[in-house]
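Peer 1: The task is simple: from the sequences and hints, build the whole structure.
Line by line, the protein sequences are chains A and B. Count along the first sequence starting at 1, add 1, and that's the number in our numbering. Count along the second sequence starting at 1, add 89, and that's the number in our numbering.
Hint data in this document are derived by calculation from the structure and do not stem from the laboratory. Don't take every hint at face value.
[Said to hold, decoys possible] Some chain B residues close to chain A (C-beta under 8 Å, calculated; not the full set): (1) T106; (2) L107; (3) L120; (4) L124; (5) K165; (6) S167; (7) A172; (8) S176; (9) N203; (10) N205; (11) D206; (12) V221; (13) V224; (14) F256.
[To be verified] Every beta carbon over 12 Å from chain B, so not counted as near; a handful from chain A, in silico: (15) S69; (16) H85; (17) M302; (18) I337.
Ideal placement from N, C-alpha and C gives every residue a C-beta, glycine not left out.
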Amino acid sequence: MIYHPEYLPRMFIEGSGLTLTKVLSEYIIIGLFVASFILYWRRFKKTGEKFIIFILAAIILCIFSELSFTLYLSAFDTYNMLGHIYKIIAFIMIYIGIFIVTILQPYHDLELEIVERKKAEDEIRMFMNVVESSNDAIITKSLDGTVTSWNKGAEEMYGYSAKEIIGKNISILSPPKLKNEIPDLIDKIEHGKKIQRYETLRLKKDGKLINASITLSPVFDISGKMVKISIIARDVTDTKMAENKIKRALKEKEVLLREIHHRVNNNMQIILSLLNLQTQYVKTDEALKILQETQNRVKAMATIHENLYQSHDLTTINFAEYIQSLVKGIFFSYHIKEGQIEPIIEIGDVMLNIETAVPCGLIISELVSNSLKHAFSPEQKGIIRISLHSQNNTFTLTISDNGIGFPDDLDFKNTNSLGLQLVNNLINQIDGNIQLNKTHGTEFIITFKELKYTERI
Amino acid sequence: MCNWVYFKKIRRLSPSTLLIVLTILAISLFLVVGLLPSFLYRTLDIESYLVFHMIAEIFSVIVSFSIFGVGYFTYKQSKNSYALFLSCAFLAIGLIDLFHVLSFPQMPNFITPNNNDKSISFWIAARLISAVTLVISAYIYKNSANRWLEKKYLIPAALFTSAIYLFW
Numbered sequence: 002m003i004y005h006p007e008y009l010p011r012m013f014i015e016g017s018g019l020t021l022t023k024v025l026s027e028y029i030i031i032g033l034f035v036a037s038f039i040l041y042w043r044r045f046k047k048t049g050e051k052f053i054i055f056i057l058a059a060i061i062l063c064i065f066s067e068l069s070f071t072l073y074l075s076a077f078d079t080y081n082m083l084g085h086i087y088k089i090i091a092f093i094m095i096y097i098g099i100f101i102v103t104i105l106q107p108y109h110d111l112e113l114e115i116v117e118r119k120k121a122e123d124e125i126r127m128f129m130n131v132v133e134s135s136n137d138a139i140i141t142k143s144l145d146g147t148v149t150s151w152n153k154g155a156e157e158m159y160g161y162s163a164k165e166i167i168g169k170n171i172s173i174l175s176p177p178k179l180k181n182e183i184p185d186l187i188d189k190i191e192h193g194k195k196i197q198r199y200e201t202l203r204l205k206k207d208g209k210l211i212n213a214s215i216t217l218s219p220v221f222d223i224s225g226k227m228v229k230i231s232i233i234a235r236d237v238t239d240t241k242m243a244e245n246k247i248k249r250a251l252k253e254k255e256v257l258l259r260e261i262h263h264r265v266n267n268n269m270q271i272i273l274s275l276l277n278l279q280t281q282y283v284k285t286d287e288a289l290k291i292l293q294e295t296q297n298r299v300k301a302m303a304t305i306h307e308n309l310y311q312s313h314d315l316t317t318i319n320f321a322e323y324i325q326s327l328v329k330g331i332f333f334s335y336h337i338k339e340g341q342i343e344p345i346i347e348i349g350d351v352m353l354n355i356e357t358a359v360p361c362g363l364i365i366s367e368l369v370s371n372s373l374k375h376a377f378s379p380e381q382k383g384i385i386r387i388s389l390h391s392q393n394n395t396f397t398l399t400i401s402d403n404g405i406g407f408p409d410d411l412d413f414k415n416t417n418s419l420g421l422q423l424v425n426n427l428i429n430q431i432d433g434n435i436q437l438n439k440t441h442g443t444e445f446i447i448t449f450k451e452l453k454y455t456e457r458i
Numbered sequence: 090m091c092n093w094v095y096f097k098k099i100r101r102l103s104p105s106t107l108l109i110v111l112t113i114l115a116i117s118l119f120l121v122v123g124l125l126p127s128f129l130y131r132t133l134d135i136e137s138y139l140v141f142h143m144i145a146e147i148f149s150v151i152v153s154f155s156i157f158g159v160g161y162f163t164y165k166q167s168k169n170s171y172a173l174f175l176s177c178a179f180l181a182i183g184l185i186d187l188f189h190v191l192s193f194p195q196m197p198n199f200i201t202p203n204n205n206d207k208s209i210s211f212w213i214a215a216r217l218i219s220a221v222t223l224v225i226s227a228y229i230y231k232n233s234a235n236r237w238l239e240k241k242y243l244i245p246a247a248l249f250t251s252a253i254y255l256f257w
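Peer 2: In C-alpha cells:
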C-alpha cells in the first residue's frame, strides 16, 4: 500500500467519495461474517463448546459494525463511532473466548483432575496402611527378582529393613541349597500357574532358617502386561515345630497302644495256656466243658487284640478276617472234622471298632458254639452261616444253622444257659436287638448300630 | 476467576436467548440514534473525531495483540490448535489495524503521505482477514492435526501477510 498503491483497487477517490469496490467489499465481508456465524452455530449445536457463544456474539457485533460503516452519512458521525465501539466489543468477546479455551477451561479441568487424583491418592494411602500394618510379609519384586517394595511385616520376618533390601535381588533370602527355587517360582508365575501357601525354607538376615508359607501372584499394569510379582509370606516356623511335635507324640502313642494290645493278647494267651493245662487235671465232663467254653470266650477276645495290634490304625479291625480266625478256632476246639459242618461266612469289607467288635465276637462265639453243641447229631452234615451287612449305619448280623432247630419249650431270653445269658447281656451292651427265627433250623438275627467311637489318642 | 463466575452466571441462559438479546441491543442502539437524531446524531469536527478514532483503534489493536498473546503463549501447555490459529490471525489483524490508524489522513505521514484511500484500504484488508479467519476457524478444533497448524508456519504467515500488504 505504501510503494505501489496503484496496483490495488481504489477505495476512495478525492471529490467523488467511496468507490464501488469499497462498498462491494463491505458487503462481501458482511456475507463472510454471516457464513461464519452459520458455521459456528452448527459447530456449537454439534459439539456444545461453550466458548463458541462468545465467538458468535463477536460475529454479530462485527456484522453490525460493518453495517454501521456502510450506513454512515459522514466519515465523522455517530454511526461511524458506533461501528468502532461494536468492533472493540467484538474483539473483547473473541478475547474472552480465547481466554476460556486456553486458560479457564484447562484450569477448571485441572481442578477436577486434582480432586480425582486426591481421591485416588487417599485410596492408595489406605491400601498402603493396610499393607504396612499387616503381620504377614508383603513384598513386590520385578520379574528378574529385584525387590521393589518391602513392608513392616517383611522387616520383622526377615530382619532386613526396607532401605537395606529394596533394589537387591530377592535370592539373598533363599538358603544356598535352594538357590534355584526362586527363579523356578518366577517362571511358574510367568506361565500363569498359581502358587499358594507354598512351604519352603528362607534365610533371615541373622542367618537363621525359618519355615515360610508363601503365596505368589502376578501384578499387571494397565495394558495387562505382567510387570511385577507380589509375595505374601508368613513365618510358619512355630506352627511347623508344633506340627512335628504333635506328629512325634502321636507316633509314640501309637507304639504304646500297639504294645498294650500285644501284651493283652499275650496275657490272654497265658490264660488260655493255663486253662489248657487245667483241663488235664479235671475229672468231670462238666468241668471240662466249662473250661473249654471259657477258653473259647477268652480266645474270642484275644483274637481281637491280636488283630488290633496288627492292624495299621489300632482302632478298627477287619471284621471278616477276625470272624474267619475266630470260627476256625471254635471249630478246632470242638474237634469238628473237615467237611462235616461247613462254616459259611458272608461278611463284606466291614471295619468295626473295638467297642463293638468285642461284644460281637463274643456273641458269635457263643451262638456258633451252641450250634456246634446242639444243632447237629453226631456225624450229621450241616452248614453254619454267619453274615454281617450294614445299611444306613445299621448292622444286621445273622447266625443260622440248618440243624434240628431251637427247642420250642426254651425261651432264649430267659434261660439258665450261661451262653445265652451272655448273649442277651452283650446285646444290651451294644444296644442291639435280637430275634429268633425257627422256620429253617435256627436263625438269630441281630441288629445294632456301631457304638460311638471314643477318641483315645 | 471472576470471568469464570460471570461466565457461569450467563451460562444459565440458553445461548440462542443470549444471542437474540445481543442482536436486539445492537439494533436498538441503531434505532435510538436513528429515532432521536436531534439528541444523538452528531457529526464531530475532524479534531475530536481523530481523538476518538485514535483511542478506539489503538484499544482494538491492544485487544488484538492480547488475543495473540493469550493464544500464542499458552500453546505450549494447552496444545490448542484452534486458539493458535485464531491468535496468529489476530496478530495480522492487529498489525494492519495499526497501519490503518497510522495512515489516517489527519495523522502525520506514515512513510508516504496519508490519504483516505490508504487508510480505508488497510481497514478493508483487516476486516477481510478477520472475516476469512472466522470462516476458516469454524473448521479448526482443539486437537486438529495439520502440519500448517504450527507456530513456525502461522507466525511467519501473519507477519508476511501484513508486511506484504504494508509495503506493496
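Peer 1: State the violated hints by number, sorted upward, taking the hints as numbered earlier in the document.
Peer 2: 1, 3, 4, 5, 9, 15 and 16
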